[in-house]
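**Q** Spelled out, the chains give:
There are 2 protein chains.
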Amino acid sequence: MQMTGSVSGMREHVTRLREKGHRIGFVPTMGFLHKGHISLLERAREENDVLVVSIFVNPTQFGPGEDFEAYPRDMEKDKALCSEAGTDILFSPSPQEMYPAGFRTTVSVSGLTEGLCGASRPGHFDGVCLVVAKLLNIVQPHRAYFGLKDYQQFKVIDRMVNDLNMDTEIVGLPTVREPDGIAMSSRNSYLTKDERKSALVLSRSLEHAKRLVSQGVREASTIEAGVREMIGERPFTAIDYVSVVDVEELTAVQTVEGRALLALSVNIGRARLIDNAILEACD
Amino acid sequence: MQMTGSVSGMREHVTRLREKGHRIGFVPTMGFLHKGHISLLERAREENDVLVVSIFVNPTQFGPGEDFEAYPRDMEKDKALCSEAGTDILFSPSPQEMYPAGFRTTVSVSGLTEGLCGASRPGHFDGVCLVVAKLLNIVQPHRAYFGLKDYQQFKVIDRMVNDLNMDTEIVGLPTVREPDGIAMSSRNSYLTKDERKSALVLSRSLEHAKRLVSQGVREASTIEAGVREMIGERPFTAIDYVSVVDVEELTAVQTVEGRALLALSVNIGRARLIDNAILEACD
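Listed in order, the protein sequences are those of chains A and B. Note that the numbering used here has the first sequence beginning at 1, numbered continuously upward. Note that the numbering used here has the second sequence beginning at 284, numbered continuously upward.
Think of the hints as simulated: they come from the structure by calculation, not from any bench. Note that CB positions come from ideal geometry on N, CA and C, so glycine has one too. A couple of the hints might just be wrong.
Reference excerpt, derived from the structure (chain B facing chain A, CB under 10 Å, subset only) [what the hints assert, rightly or not]:
hint: 1; residue: V290
hint: 2; residue: H296
hint: 3; residue: T298
hint: 4; residue: Q379
hint: 5; residue: M381
hint: 6; residue: G385
hint: 7; residue: R387
hint: 8; residue: T388
hint: 9; residue: S391
hint: 10; residue: G394
hint: 11; residue: L413
hint: 12; residue: L419
hint: 13; residue: E452
hint: 14; residue: E531
Derived DMTMM-like pairs (lysine to aspartate or glutamate); straight-line CA-CA distance at most 20 Å [what the hints assert, rightly or not]:
hint: 15; chain 1: B; residue 1: K303; chain 2: A; residue 2: E19
hint: 16; chain 1: B; residue 1: K303; chain 2: A; residue 2: D167
hint: 17; chain 1: B; residue 1: K480; chain 2: B; residue 2: E512
hint: 18; chain 1: B; residue 1: K480; chain 2: B; residue 2: E490
hint: 19; chain 1: B; residue 1: K493; chain 2: B; residue 2: E563
hint: 20; chain 1: A; residue 1: K197; chain 2: A; residue 2: D180
hint: 21; chain 1: A; residue 1: K20; chain 2: B; residue 2: E295
hint: 22; chain 1: A; residue 1: K20; chain 2: B; residue 2: D450
hint: 23; chain 1: B; residue 1: K303; chain 2: B; residue 2: E330
hint: 24; chain 1: A; residue 1: K20; chain 2: B; residue 2: E302
So here's chain A without its partners, still in its complex pose (with noise of 0.2 Å):
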């Protein structure tokens, strides 16, 4: 595994792989790397002939008062871990090589950004469109690899991606849980052990409600409620939303036709955490 931490560096591995005509498989992380990143990993693995991971815990997607300083980061772990998944190349830049002094450019995606995580952290998908078109434009993979559990991040992301006409295919793959549900998220590592108890209420939520739609329960309002019933219920929990949503636009709607996305976070403890699941309607 070879690693740099400059875009110089990264672009000459770049040159030299597109000159031989390989297909660049991309995973881009901010480290504290779990199931789920490495799930990224093996298929990316797998669907091309390089595979370049990057490690960046970006300062322009995280709010004022938000855990930008206390994310969790452990590099010789994360190095372990790629080099063991088969990484080709880490990229690991600091965040003055990805924002230099005289930096004034921004990507916004409308819309998609203004509801769910984006009502709740103003900016935020601004930060993640623009690390993500950087690192995009710097790695120049054929495809990038996304953790579905970051429904919205994924759907911003694609559209960007589509609307930029950047030549690179998204891949979103599914969430992966710990054998009793939970999302694993890097964020988990702050829960206690008793909020990691309460935490368990956010997956068997998301089961409840596919439950309630299999019953025949159709109205959005209805199953928010339900889930927002039992959530709040446990100890440590404070909803942030919890949301019925068109499974593209991300807008909210009042009944469940075919397909629809139930989004929803909170925070437990220090940790703000979110979860996802698509209803299905079968009539």
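Knowing the structure of chain A, use the given hints to seat chain B on it.
**A** Same frame as chain A, but now just chain B:
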């Protein structure tokens, strides 16, 4: 010369050319080509293996009430000129091809876009950034060429390309002028014979300003006043701005020290014309 109006068609050309290791030079234009454009084509032709030209009157860089509909177009003549200049591929997409339904992404550069034309044309440079980002991603050129008559545009694009780590070298080439000094512009076609006479004052006022500086004048306000007076004496002229600014930041300067940019915009009849010159204080 090959021609395509589709993004996928252009992409196929690019993939083939890049696989062969060809270096791509690119000149994005809004068509109605004049000698200024041709100088860009010639330089790009010299410096690269392949010359790609785009012709696209980009709606997103025109504001309400501006001349998008009226903007001069002559595709047959442009084709002949491109072919004559050794263009390999002419890319001329439709607005629908560039901005399909569901488009939601914006790209902005702050600071550099606030003064000069940015102040008179709100949103103009967002439109420029967007279309240039898209075109660079579609054509994937090694070098892209822009005229320095649009100095602010050049600086904004160069900033965007650097900030987003786009893998293209941005080249700015000197303004090409008619024998009488008028800067080449597609919008010169709006001028009546008498208006064109008045338009001569733009380049002449720039020369006047250079003389003032060579005579030891350093105060920006004195230079601007001299230029304004000279332009104001001619019929049909309505000054939009006359500004001495920093060559990098495009912010107003009080005194010319080293190099400064004198930029101006004047409405003459239906035509909004711009021109600029570098002022150099040699002491």
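**Q** Now tell me, hint by hint, if it's right for this structure.
**A** Hints and how they fare:
Look at B:V290: its Cβ gets to within about 6 Å of chain A, closer than 10 Å, so that hint holds up. Because the smallest distance between the Cβ of B:H296 and any Cβ of chain A comes to about 13 Å, over 10 Å, the interface hint for this residue is violated. Taking 10 Å as the C-beta contact cut-off toward chain A, the hint placing B:T298 at the interface holds, the least distance being around 9 Å. About 14 Å separates the beta-carbon of B:Q379 from the nearest beta-carbon of chain A, more than 10 Å, and the hint is not met.
With a least beta-carbon distance of about 9 Å to chain A, the hint placing B:M381 at the interface is held under the 10 Å criterion. Evaluation of the B:G385 hint against chain A yields a held restraint, the C-beta minimum of about 8 Å falling below 10 Å. Here the hint on B:R387 is kept, as its CB sits about 5 Å from the closest CB of chain A, short of 10 Å. For B:T388, the shortest C-beta to C-beta distance to chain A is roughly 4 Å, which falls under 10 Å, so the interface hint holds.
The criterion of a C-beta within 10 Å of any C-beta in chain A is met by B:S391, whose closest approach is roughly 5 Å, and the hint holds. With its C-beta approaching chain A no nearer than about 5 Å, B:G394 sits inside the 10 Å limit, and its interface hint holds. A cut of 10 Å between beta carbons decides the hint on B:L413: the least distance to chain A is about 8 Å, and the hint holds. Against a cut-off of 10 Å between C-beta atoms, the interface hint on B:L419 holds, since the closest Cβ of chain A lies about 9 Å away.
The criterion of a C-beta within 10 Å of any C-beta in chain A is not met by B:E452, whose closest approach is roughly 13 Å, and the hint is violated. Taken as an interface hint, B:E531 checks out: its beta carbon lies about 9 Å from the nearest beta carbon of chain A, inside 10 Å. Distance hint between B:K303 and A:E19 is fulfilled; the C-alpha atoms sit about 9 Å from each other, no more than 20 Å. Under the criterion of a C-alpha separation no larger than 20 Å, the hint pairing B:K303 with A:D167 is consistent with the structure, at around 18 Å.
In summary, the hint linking B:K480 to B:E512 is supported, as the alpha carbons are separated by about 17 Å, within the 20 Å threshold. The straight-line distance between the Cα atoms of B:K480 and B:E490 is roughly 16 Å, inside the 20 Å bound, and the hint therefore holds. In summary, the hint linking B:K493 to B:E563 is supported, as the alpha carbons are separated by about 8 Å, within the 20 Å threshold. With a C-alpha separation of about 10 Å, the suggested pairing of A:K197 with A:D180 holds against the 20 Å cut-off.
A hinted pair counts as satisfied when its Cα atoms are at most 20 Å apart, and A:K20 with B:E295 qualifies at roughly 18 Å. About 18 Å separates the Cα atoms of A:K20 and B:D450, which keeps this hinted pair within 20 Å; it holds. For the hint linking B:K303 to B:E330, the alpha-carbon distance of about 17 Å falls within 20 Å, and the restraint holds. At roughly 9 Å between alpha-carbon atoms, A:K20 and B:E302 fall within 20 Å of each other, so this suggested pair holds.
In terms of the numbered hints stated before, the structure departs from hints 2, 4, 13, listed from lowest to highest.
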